[in-house]
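Novice: Protein chains in written order, with my numbering: chain V, 1 to 287; chain D, 1001 to 1295.
The hints are simulated quantities; they were obtained by calculation from the structure and are not laboratory data. Some clues are possibly wrong.
Said to hold, decoys possible - Stretch by stretch, here's where chain V covers chain D in the computed footprint (C-beta under 8 angstroms, at least three residues):
| id | stretch |
| --- | --- |
| 1 | 1073 to 1084 |
| 2 | 1115 to 1125 |
| 3 | 1222 to 1228 |
| 4 | 1235 to 1242 |
Unchecked claim - Computed cross-link-like contacts, DSS-like style, restricted to lysine-lysine with a CA-CA straight-line distance of at most 25 angstroms:
| id | chain 1 | residue 1 | chain 2 | residue 2 |
| --- | --- | --- | --- | --- |
| 5 | D | LYS1142 | D | LYS1160 |
| 6 | V | LYS9 | D | LYS1139 |
| 7 | V | LYS76 | V | LYS26 |
| 8 | D | LYS1157 | D | LYS1292 |
| 9 | V | LYS9 | D | LYS1292 |
| 10 | D | LYS1157 | D | LYS1142 |
Note that the structure is a prediction, hence the values are computed from the model and not measured. Where a beta carbon is used, it is the ideal one built from N, C-alpha and C, also for glycine.
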Amino acid sequence: MVGLSAGEKHFIQGGIAQDLRADGRKRLNYRPIYVETGVIPQADGSAKVKMGATEVIASVKLDLARPNPSQPGKGKVSLFVSCSATAGPMFEGRGSEELSAELSVALQRCLLGGKSGAGAAFDPSCLSIVDGKLCWDAYIDGLVVSADGNLLDALGAAIKAALTNTRVPVANVPAGASLDEDPDVDLSSQETTRIDTSGVPVIVTLTKVGRHYIVDATSEEESQMSSAVSVSINKERRICGLTKRGGAGLDPSIILDMISVASHVSEQLMNKLDSEIAAAEADEQDT
Amino acid sequence: MRGIQLSLNQTQRLRLQTALELLETLSSKASLNASVTVADNIPVNYEDGVLKYKPEIGDIIVGRVIEVAPKRWRLEINFIQDAVLMLSSMTLPDGIQRRRTAVDELNMRSIFEEIDVVCAEVRGFQHDGSLHLQARSQKYGKLERGQLLTIPPYLVKRRKQHFHHLEQYGVDLIIGCNGFIWVGEHVEAKDDMVVDDQVNKSEQHSSKSRNWTSLEEQEQTHTPAETRQNICRIANAIRVLSTLGFNVTLDVIMETVYLSSSLNLEIHEMLGAEFCVLVAESEAERRSSSAKRKG
């Protein structure tokens, strides 16, 4: 991202004020979303999402493990995001650490729920094999391949698609086997179950430029932002997480207004994503 | 399919494939009795310098200032090296042809600053291979009030005209040979005779933009809505052509814009899958009908 001259910045701000952005979108339009699932065959679930020039990949890998003693009936979920150096020279070496950490924390907040497990995107008890003894650990990894703004929304969409694509192997534990040492778990049945992702929220980021908010900002538009609020909302229009970025302070009434706008936009996005994910899954089964 | 990743459904994919195949057969017919046999496939990394910009003297290019150095500006122009625009190759704001003094050197930033978008012409090559630019005529200079697009340089063919003033849209279109295309509001070329007024106006304008103007003042100087719509439509047409890998010339751009307005498409729908397929089909039709007329 090189930077924009004063004339170009003025043009972008003018566009947002007049509800006609540089690529012709209105303030609350998303770029065309392209979803492909099953892009990483070795992973248990994976998806690639493109929003314009932003491209992200999410993968879900499951490993056998012991459940947390405080939550014996649930598997453990961990989430981490990294930025590939192909996204730009600023991501080479350790350049992407700050951004990766910020994205990871925001996604964890939106999707993993609290310490007690409440408010999580999906119910981790579907990952349990034997109560208190054996469960699946889910490692959700996000990778930013190309960055053109709105990384959080794209990652949220990719993780939702990857979770829908995930096939949890059905593990048959022979009866009477001692589970205190490494048990002989039978995975040969090749049966899989799916994770119920109807409760996975979508993340809508509203970027404030001047007096107006836009959705799905490109990196040029993001460079002009004063602040951004990311809201994750589920099908029942309930807020699962909230993050604010940017140096400028916001009046509380503006934050409430942004939340209501985000909630309104989320319905469209949720429907679009659901249909794209379903189409991608159908495509994958055909090939 | 050349890695065009749009969510096309089955029918759209088929239509696009047919159109692209038709275009390929047409282009091979054009090369007269030659037949091509594919002997070997050599994988090429597209990000290498294989398909980079190949400059020639007299090329019109659009670049971005990255450094203000003593007596020159360094511009980034989508080439392996940065281009140099000497202060002596640039018309001064007062338009007088004179020797550049030390005061001119100190005032270089009032002409172009870092990150400004500039239009210039290739004057020649330096001994180390980097480009020398000139911006002597009034056509060249700083570009504001618009947007800069980047497309692969091999899609721009050298023509007689690279500056296009589209009167019916009120838009300036500059197709740089280096793959940078500027689409912006039309700006009248400055008159040399009006010296004092220009200097005063430019000073006022630059001081205004530097101070923090209130939102209302900024809104008054914004591009009018209709011109903005035309700018966005033309920019999207260029984006679609670049995605499809078609040569970007004024005729093709204008046809794409007519196509989109005749279909009454919303501007942002021009970036969707359906319009992409339609553009490919109409281009295939256009070329096949012109081939039939010739042959």
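Novice: Each hint: holds or not?
Specialist: Structure-based check of each hint:
no. : hint                     : result
1   : 1073 to 1084             : violated (count 1)
2   : 1115 to 1125             : holds (count 3)
3   : 1222 to 1228             : holds (count 4)
4   : 1235 to 1242             : holds (count 3)
5   : LYS1142/D with LYS1160/D : 22 angstroms, holds
6   : LYS9/V with LYS1139/D    : 22 angstroms, holds
7   : LYS76/V with LYS26/V     : 41 angstroms, violated
8   : LYS1157/D with LYS1292/D : 24 angstroms, holds
9   : LYS9/V with LYS1292/D    : 47 angstroms, violated
10  : LYS1157/D with LYS1142/D : 23 angstroms, holds
When held up to the earlier numbered hints, the structure conflicts with 1, 7 and 9 and fits the remainder.
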